[in-house]
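S.K.: Residue-level listing of the chains:
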Amino acid sequence: MVRNINKIEISHTELGHHHGHDVGERLYLHRHSIVHSLPPHVKIVAAFMFLFVVISTSITQWQLFIFYFSLILLTLTVAKIPIKLAATRSLIEIPFVLFAVLMPFFGTGEQFSIGPVDLYRAGLLAGLSIVGKGTIGVLIAIILSTSTTAREILRGLEKLKLPQLMVQIASFMLRYVNVVTDEMERMRVARASRGFEATGIKHWKILATAAAALFIRSYERGERVHLAMLSRGYDGVLPHEEVTKVSVKIWIKALTLPFLALLAHLLMIVWK
Amino acid sequence: MLEPSLKIEELAFAYPDGNQALFGVNLVINKGERVALLGPNGAGKTTLVMHLNGIHETTHGKIFVSGQLVDAQDKEGLKKIRSQVGIVFQDPDDQLFMPTVGEDVAFGPYNMGLRGAELEKVVTKALALVGMSEYKDRPPHHLSFGQRRRVAVATVLAMKPEILVLDEPSSNLDPASRRELADILRSLDVTVVMVTHDMPYAYELCERAVILSQGIIVADDKTKNVLTNEKLLKDNRLELPVGFSIN
Amino acid sequence: MHIPDGFIDLPTSGIFAAASAAGIALSLKGAKKSLDEKSAPLAGLTATFIFAVQMLNFPVAAGTSGHLLGGALAAVLVGPYAATLALSVVLLMQSFLFADGGLSALGLNIFNMAFIGVWVGYGFFLLIRKLLPKTKSSITIAASIAGLLSVPAAATGFVLQYAIGGTATFSVQTVLAAMVGTHVLIGIGEAIITGLAVGAVMASRSDLVYGWRGNSSLLEIRKSI
Ligand SMILES: Nc1ncnc2c1ncn2[C@@H]1O[C@H](COP(=O)(O)OP(=O)(O)OP(=O)(O)O)[C@@H](O)[C@H]1O
Ligand SMILES: [Mg+2]
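Residue numbers (the working numbering), protein chains in the order written: chain A, 1 to 272; chain B, 1 to 247; chain C, 1 to 225.
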């Protein structure tokens with residue numbers, strides 16, 4: 001994938017990217033709120049349901065989108081997540097926004113003009129739809145990951161029947177991502193301290209060698225971790241949390257949001 | 001006559017990449033002994049340690065733990081041996097793989113069948129022993145290296161092993177932690193095998209020392225005798241720290 | 001190429017989610033066989049590696065840079081089953097934690113990158129390895145070509161999904177031309193990096209490379225005291 005690196009990064013690093021460093025902990029924003037206190041699997045289900053309602057809404061029903069956005073804003077407020085934080089983190093969808101922005105200018109069918117530019121109606125609508133739905137999707141994921149630790153999200157997914165091996169893989173990933181990115185960072189510092197700076201394709205060999213070294217280290221770490229697990233009696237299953245039942249009340253609380261969205265959607269259909 | 005805690009017969013081993021690390025190790029350690037395993041970098045100490053509870057399969061030679069053969073095919077026997085031989089790894093990051101300190105310490109006892117309050121008690125006790133009680137709910141990667149080392153020791157102590165094997169336990173510990181760890185080790189009634197580059201520590205804790213060099217045992221004697229044999233030390237790239245002398 | 005929410009319609013997303021779930025189930029089976037009980041920590045660290053290596057920026061020109069997708073690389077290094085699982089987990093975490101790729105588009109993304117990317121890459125790797133002599137450099141070349149083809153293949157997956165349930169107004173032909181065109185270019189980068197990386201692993205730890213099995217020699221016994 002080609003991407004633009006921003007100005008700060010250009011100056012001195014070939015590392016660094018939207019993936020933060022302390023995965024899980026840094027994304028998570030510790031607050032006390034209803035949103036934070038809901039069990040993770042309940043939150044995930046609610047998020048998906050809300051998303052489904054949004055995605056199945058036609059963009060021509062723009063009033064509904066205003067309503068959806070207000071619901072999201074409300075949730076952000078209740079969860080005490082600063083709007084600015086949510087906005088910065090949603091920059092991730094920029095490539096697709098660019099794609100959508102082009103759409104009204106190319107296409108077929110009905111045209112209309114705003115001042116000197118001619119726009120295609122279908123393209124404009126589709127572009128708006130992609131940006132609108134995409135943004136809501138991004139915001140939902142942001143609310144989820146800011147109000148829930150990575151570990152909790154994983155626990156939620158486990159409860160929603162993500163296969164055990166996948167849960168374990170993800171769990172190891174969360175545990176070791178900092179160790180591995182630290183290793184990568186140390187290798188970068190070691191390169192930089194010997195005057196190396198990657199500026200073009202001619203430096204790929206060195207970077208690829210670094211990637212290879214990273215793989216070897218990661219794989220060997222995997223082996224050693226496995227040995228450490230074996231030596232403490234591991235036989236394929238990780239210890240399990242006792243399953244706690246979630247009360248109907250909590251489900252109702254969590255599902256208010258998608259329910260409101262759905263209600264509005266249905267009302268709109270009836271009303272039309 | 002009591003079976004020795006550990007008996008190793010002509011143990012040889014090569015890593016999958018063809019690199020041979022052990023070339024026929026013979027060693028007997030009796031119950032209750034504390035033995036220092038010395039040797040230069042790359043001598044094969046860690047490799048030897050990994051064999052002691054069957055996590056590296058013995059491809060050549062034999063190992064007996066309290067008289068029982070370590071056999072990779074015998075899953076039940078292996079399980080028992082792994083509860084008897086506790087290994088504290090060289091790199092605590094390899095050992096601490098669970099999300100929180102508490103869960104990590106619980107991992108071993110859980111696999112041994114402990115549950116509920118009993119499990120809780122063992123975890124609390126092990127963490128208290130290494131002075132890490134208040135870190136129970138923290139993720140391991142938020143701890144300092146020395147703290148991770150202590151938790152790593154706790155994860156093994158929680159399994160109440162009969163043979164405790166430590167791979168360079170004193171490296172990166174501050175002086176007070178180093179002394180506290182020594183106190184813990186002395187207070188335990190177990191057989192100890194300690195890999196170390198820390199000669200004063202070996203002298204302080206272990207009455208017996210063996211030197212592993214290029215994959216074989218080249219010396220096996222009282223720690224005092226080993227550490228005062230200048231030629232032996234020199235031949236094996238070992239040195240006493242400046243100002244340290246044994247009289 | 002991480003598809004966001006609302007870009008492909010719901011029914012299509014649903015179909016591909018089901019396909020992805022089935023593929024993951026098959027890979028779980030396959031991984032159990034080829035990796036036995038080691039699978040969890042090894043696949044976990046492979047996922048960590050892929051996640052980290054995708055953060056490694058390869059400068060192209062004028063402030064742009066690219067990064068590795070890693071499907072073919074992972075397949076050659078740890079085998080296609082473990083690679084599929086590792087990439088799926090990476091995509092799962094990216095969408096849940098970083099909003100990178102829509103939650104409802106997870107099935108679409110896993111299908112393109114964790115299946116097509118990995119299996120097309122691995123397929124070509126096997127094919128080319130067969131055609132070349134049995135040497136270490138053949139592995140590197142085969143891995144490189146696998147990397148090259150895996151990227152436009154994954155992009156074709158996207159075009160397929162777009163053709164079935166795309167919500168944008170560009171014609172499928174336009175999207176096909178644009179996606180495959182740019183991804184052939186990206187594939188060239190992927191090829192170079194995959195080749196170099198596999199070559200470097202082959203040089204120091206060829207025994208770790210799934211696509212290459214070395215042979216072990218006899219043990220030597222030395223005289224001790
Ligand atoms: N996973 C591995 N694959 C291949 N070779 C290895 C592996 N681990 C260690 N070796 C090699 O085996 C030999 C013995 O290594 P080992 O780690 O046992 O040494 P050590 O005595 O513990 O050294 P140190 O004091 O540095 O910890 C070394 O030559 C080392 O390079
Ligand atoms: Mg060692």
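Hints should not be assumed to be uniformly reliable.
[Said to hold, decoys possible] So the derived label-pair ranges between C-beta atoms look like this:
#: 1; chain 1: A; residue 1: Asp182; chain 2: C; residue 2: Ser204; range: 29 to 35 angstroms
#: 2; chain 1: A; residue 1: Arg121; chain 2: C; residue 2: Ala177; range: 36 to 42 angstroms
#: 3; chain 1: B; residue 1: Asn225; chain 2: A; residue 2: Pro163; range: 56 to 62 angstroms
#: 4; chain 1: C; residue 1: Ser204; chain 2: B; residue 2: Gln68; range: 33 to 39 angstroms
Since the hints were made in silico from the structure, they are not lab data.
From the three backbone atoms N, C-alpha and C, an ideal C-beta is built for every residue, glycine too.
S.K.: Are the hints correct? Go through all of them and say.
M.R.: Against the structure, the hints come out as follows:
no.	hint	verdict
1	A:Asp182 to C:Ser204: 29 to 35 angstroms	violated, 21 angstroms
2	A:Arg121 to C:Ala177: 36 to 42 angstroms	violated, 24 angstroms
3	B:Asn225 to A:Pro163: 56 to 62 angstroms	holds, 58 angstroms
4	C:Ser204 to B:Gln68: 33 to 39 angstroms	holds, 38 angstroms
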